[in-house]
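Going line by line, the protein sequences match chains C and Z. By the working numbering, the letter at position 90 of the first sequence is numbered 156, and the numbering carries on one by one without gaps. By the working numbering, the letter at position 28 of the second sequence is numbered 749, and the numbering carries on one by one without gaps.
Please keep in mind that the hints were generated in silico from the structure rather than gathered at the bench. Treat each hint with caution, since some may be false.
Have a look at the derived ranges for each label pair, beta carbon to beta carbon [as the list claims (entries may be wrong)]: (1) T993/Z <-> F183/C: 41 to 49 Å; (2) M760/Z <-> V178/C: 44 to 52 Å; (3) G161/C <-> L834/Z: 40 to 48 Å; (4) R810/Z <-> K177/C: 46 to 54 Å; (5) K177/C <-> Y782/Z: 51 to 59 Å; (6) G130/C <-> R757/Z: 32 to 40 Å; (7) N89/C <-> S873/Z: 46 to 54 Å; (8) F181/C <-> G830/Z: 37 to 45 Å; (9) A984/Z <-> A197/C: 53 to 61 Å.
Capping the alpha-carbon separation at 16 Å, the derived lysine to aspartate or glutamate pairs in EDC-like fashion look like this [unchecked claim]: (10) K119/C <-> D845/Z; (11) K946/Z <-> E207/C; (12) K119/C <-> E957/Z.
Since this is a predicted model, take the numbers as computed values, not measurements. Where is the CB? At the ideal position from N, CA and C, for every residue including glycine.
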Amino acid sequence: MNEQSRPLAIDIDQLSFAYQNQNVLEDINMKVPQGSFLGLVGPNGSGKSTLIKCLLGLLTPNQGTVKLFGVNVKKFDRWNDIGFVSQKANSFNSGFPATVFEVVSMGLYGKVGLFRFLNRKHKQKVREAIAQVGMEDFINENIGQLSGGQQQRVFIARALVSDPSLLILDEPTVGVDAKSVTNFYTMLKKLNDEKGITLILVTHDIGAMSEYVTDVACLNKCLHFHGNKHSFEENKEEMMTAMYGHEVNLLEHNHDHDHHHHHHDHDDVRRDET
Amino acid sequence: MIEVFFQYDFLRYSLYTGLMIGFLAPVVGVFIVVRRLSMMADALSHITLTGIAFSLLLGRYYPFFAGLNPVYMGMVFSISGALLIEKLRHMYQYYKELAIPIILSGAIGVGVLFISLADGFNNDLFNYLFGSVVAISETDFHVVIVLTFLVSLVLLLFYKELFFLSFDEEQAVISGLPKRSLHFIFMILVALVIGISMQIVGILLVSALMTLPVASAMRWARGFKQMFLYAVLFGEVSVITGLISAFHLDLAPGGTIVMTNIALLIGSIALTRKRSL
């Protein structure tokens with residue numbers, strides 16, 4: 067499909083953001099057409115989460131504008147169209163006494179509105195969303211009793227239950243075991259293919275996601291690359307140096323030893339950072 | 722055992738009030754516990770004491786206050802205290818928990834001044850600290866009914882918003898919930914429930930009736946709705962057992978109610994040992 071002809075889900079124009087005097091994002095321009103599955107990658111501290119917060123209107127950029135479905139984020143009010151699964155979702159208080167059903171119901175609260183309760187139709191939607199992520203067997207279990215991967219599925223169901231057109235996932239696989247990560251990505255791809263939901267997956271793990279997404283954006287304060295997956299694969303080496311170069315130079319010892327294994331090298335860098 | 726509570730009006734009012742707080746305190750308590758505001762409840766109850774001391778002091782000089790239940794002044798103080806704590810939390814962005822001890826000690830300090838200015842209040846004050854079986858007059862009782870109805874109604878209307886906010890504040894804000902107004906409404910409810918409950922349980926132990934039944938309920942409950950069910954069950958059992966034994970053994974009900982709760986908690990932990998939370 068022609069990229070230009072599809073309406074935009076996200077349109078970021080010359081966005082800059084600084085915490086006090088420290089620049090976190092500089093002159094970001096990014097257009098995401100509806101129906102894309104975008105992997106937003108970058109090292110820790112590259113401003114990924116800040117960019118997402120600007121997208122969701124939680125932070126106001128110092129410069130530039132953000133539009134969601136053509137509407138400036140400051141005036142945007144169709145928040146039910148946007149699902150968000152945060153990094154913190156799997157570090158929530160795991161003793162919290164809420165069942166899977168109750169947690170997923172929360173996704174409908176904005177739609178239902180004040181002073182109203184879930185009706186039978188709403189409850190049916192909740193059950194469908196839970197089935198969609200394959201968690202129907204756990205519907206009455208406390209969320210705290212589930213594994214990290216299962217909890218993350220529940221949070222996706224919560225984001226899906228209000229039928230969003232855009233789903234943003236911020237590092238959703240942190241603390242999830244490798245096998246579950248694969249299942250998880252497969253599920254996301256299915257949502258993108260079958261329901262046409264625009265997906266933005268924020269991650270620092272470039273290897274795992276690249277076979278599922280349609281587009282890739284590389285962020286490290288500036289947007290180093292944004293394009294479809296194939297051109298990303300072609301320019302991968304170059305991108306890596308542009309993005310991680312600084313840190314790699316700082317760790318020359320590592321760099322010398324693993325000269326030929328670029329990818330491996332970045333894993334080391336990442337581990338050292340965290 | 723319980724018949725005597727129906728023979729005398731004042732005992733009957735206490736029993737009915739007890740049944741209402743056995744419901745209200747644990748219900749509000751569920752939200753207090755999951756939002757980690759237990760310290761806040763404690764602080765507000767102490768601020769209530771300052772209001773009571775102030776009202777008793779005024780009562781020495783103005784007959785109007787002498788005829789007024791000091792608890793109402795206590796509620797006014799604790800609502801103002803809740804507001805002050807919120808204000809201070811914004812001033813200490815990085816050490817938000819500092820707001821509670823500042824207001825708590827400030828309030829107790831002022832309260833002690835009021836008490837000494839009035840040369841001590843003797844047995845009145847003792848009742849407010851530890852609770853009393855005979856504290857409820859007919860007028861108080863009617864006020865308690867109205868307040869119980871109001872608090873329950875507001876909690877029911879905002880149930881899903883408060884639940885969402887407790888579970889995941891960030892998501893709740895993203896989906897457009899007015900966090901600050903909700904928090905404010907909730908703190909007013911807490912202040913009211915403290916005012917209602919303290920006449921029977923006493924200031925020092927009122928936060929126990931909000932947290933202990935919830936602590937027990939947590940061991941049993943599957944899901945958030947069940948938390949309320951179990952918390953109210955434990956709350957009612959403790960209030961009824963506590964009031965009856967307090968009357969027959971001539972003890973302060975605050976102590977007997979809390980000890981019943983402790984017993985229920987130990988029992989709950991023992992019976993659900995295998996579950997870790």
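A quick look at each hint next to the structure:
The given range of 41 to 49 Å is broken by T993/Z and F183/C, whose C-beta atoms sit roughly 31 Å from each other. Evaluation of the 44 to 52 Å hint for M760/Z and V178/C yields a failure: the beta carbon distance comes to about 33 Å. In this structure the supplied range 40 to 48 Å holds for G161/C paired with L834/Z, their Cβ-Cβ distance being about 41 Å. In this structure the hint that R810/Z and K177/C lie 46 to 54 Å apart at CB is violated, the actual value being about 31 Å.
Range check, K177/C to Y782/Z: about 56 Å between beta-carbon atoms, so the 51 to 59 Å window is met. Here the CB-CB span from G130/C to R757/Z is close to 37 Å, well matched to the stated 32 to 40 Å. Range check, N89/C to S873/Z: Cβ separation about 51 Å, and the 46 to 54 Å hint holds. For the pair F181/C and G830/Z, the beta carbons lie near 41 Å from each other, so the given range of 37 to 45 Å is met.
In this structure the supplied range 53 to 61 Å is violated for A984/Z paired with A197/C, their Cβ-Cβ distance being about 44 Å. Under the criterion of a C-alpha separation no larger than 16 Å, the hint pairing K119/C with D845/Z is inconsistent with the structure, at around 55 Å. Restraint check: the Cα-Cα separation between K946/Z and E207/C comes to about 13 Å, which is no more than 16 Å; the hinted pair holds. The hinted pair formed by K119/C and E957/Z fails the criterion: a straight-line CA distance of about 45 Å is larger than 16 Å.
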